[in-house]
Amino acid sequence: MKISALIVGLLLVMLPPLVRADHDRFSWHGFVAQGLTSSTASDYITTGDKITTDLTEVGLNATYVISPSLSVAGQVMYLNGGNRFRQGTRLDYLFLDWRVTQLFDWQVNVHLGRYKNRHWLYSATQDVPQTRPSILLPQSVYFDSNRDVALSSDGIALQSTKAGSNGTWEVRWSYGRSPLFEEDTKRLISPQAQGLAKQDYTHQFSTYWQPDSMRWQIGFSLLKSEFTYHPAPEDFLINGFSLSERVTLAARYDSEAWELTTEYLRDRLRYTGSFAQGFPLTVDNTSEGGYVQWRYFLQQNLTGLVRFDTYDVNRDDRNGELLVENPFGAIPSYYGYMDTLTVGLSWDIQDNLRLSGEFARVRGAGRLSAVFLPDGLVKADPYWNAWAIQLMYWF
Amino acid sequence: MPVAVLVNQSVNVDELSSVQLRMIFAGRTQFWQDGSRIQVFVLPTDGPVHQQFCRTLLNTYPYQLKRIWQRVVYSGQGDAPTVVDSVAQMSAMIAATPGAIGYLPQPVNEKEGILMITVETTQ
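In order, the protein sequence lines correspond to chains A and B.
In terms of this note's numbering, the first sequence opens at residue 75 and continues consecutively.
In terms of this note's numbering, the second sequence opens at residue 5 and continues consecutively.
Isolated chain B (complex conformation):
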């Protein structure tokens, strides 16, 4: 199941490397280059889409990402992503939140306010 990375239309980025994507989803990069806050959304961490996203696009296991989030949140370095319940909610949150980034299973239906970005993987 291929996974697509999507951003809110306010985000002025159309391509990221998998390393850059990992820095964002690990909570290390917290602001877009224009200074606006990055709002990260993920699907339930034990679900198949999140598992696939971690493995194919971030090159990590989901438990590694969870370990990083715990460290970031409880040592004062930032916030963990917001977990949304469903694909429909993911789509709605990305469309409604300036600075948002998230992912959805392909094929993605076009929706106003959402842009798909290209991810350069090293694999």
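Next comes chain A alone, as it looks inside the complex:
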């Protein structure tokens, strides 16, 4: 947070002189979005059915071209999503972009530093409101509690784009680790955790293909990540180690008047640790989910959205019946799944000004519990609603 604030300050001081000095090499952009939102019969966004303005997203980015093969790019942002993720300032990315190959039809880039996760359809710009199909993204794949671990990491990333008459191939690979805050640990492990979870590494690969007709895009991604739990002196967990392995499949079809998008996810999560009382904790769980989303361009500046998103915490217990037998206390079965139907509308008032609104009806609360220990402490009824409206401006 302190580093991010420092970088924002530095950027604001440095921007005007740099822009004047070298407008060909330096460019900067940003966005501001504010909304009204609420979750009813659930504490997903707001507590106690309150309507809140906790839907703020502000970002500023800059790119400086050092030479034809080198650039440096960074983005800082302030996010407030209510209860969905940690509120505050973040250094979203700051990397050296090395253009290793730049032929007319083949580009290879290496990113060093805090790189963006470009492996899922919306992950590269998940926090940039006007680039999303909706205000709230499908939680099966774009799990809000996992946001800071999932979207950018410190390390190295490679991206290759090859275009030809057989279509466009993109191959992406990355290896790094994401810093975790105390609040992230509580969201990942358990709200009762006093220590800190540290990501040892996250290793990702993805590839996407588009035919020359440009109508289709299909692809898949793989992720492997390890975490170690470092307990506090007085803690209910005395150690812990986890391994996450994730596969996603993605497809999108673009028509003149509509767009159909789908992503499927399977995530195997293993956790081994020990409680302070001496007994072990072992989790080996494979979750599964995905969404189908249809956007219809009603007019050039008006887009409608319908989406069905489904997620099962344990594919061997899709109805959550085994949660009642949890040795640490019975958990209602509806914390074992989450199905969401969303309808939304977006109106482009100007080229860089949009008003979006949406409503979601949800069955279950499978994405409201901590990732490793399903305490089910985020309160929700078996059926609940969420809605949001947001005005977004970008430049």
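Calculated from the structure, these hints are not laboratory results.
Listed below are several chain A residues computed to face chain B (Cβ distance under 8 Å; list not exhaustive):
no.	residue
1	S101
2	H103
3	P142
4	Y167
5	F169
6	D179
7	T205
8	Q374
Every residue, glycine too, gets a C-beta built ideally from N, C-alpha and C.
With the hints as your guide, set chain B onto chain A.
Leaving out everything else, chain B in the frame of chain A:
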């Protein structure tokens, strides 16, 4: 309405495939082969010339191109093209900007500093 692709006279290219043109207008290819920066200009994205350019020469819908620009700009991968207001301004900007590329509706009046290039389409 046929659309012609034009470059500033500093650009040492006289032919591009539609795939190569798409890589340039999508912000993926940012430098000419001699190392100079590509400066991309487009007409208003809801106008008929841009719509025609996207469909016939890039083989995309305009909204697909907009989606790519947003991703490029807000994930640190480059810049979106500069939008100019009119055909006259497009012509003036290409003539005045080294490394520029843009397009105009046919027939194009000859203007000093502007060269027309051939686009090999796969359709």
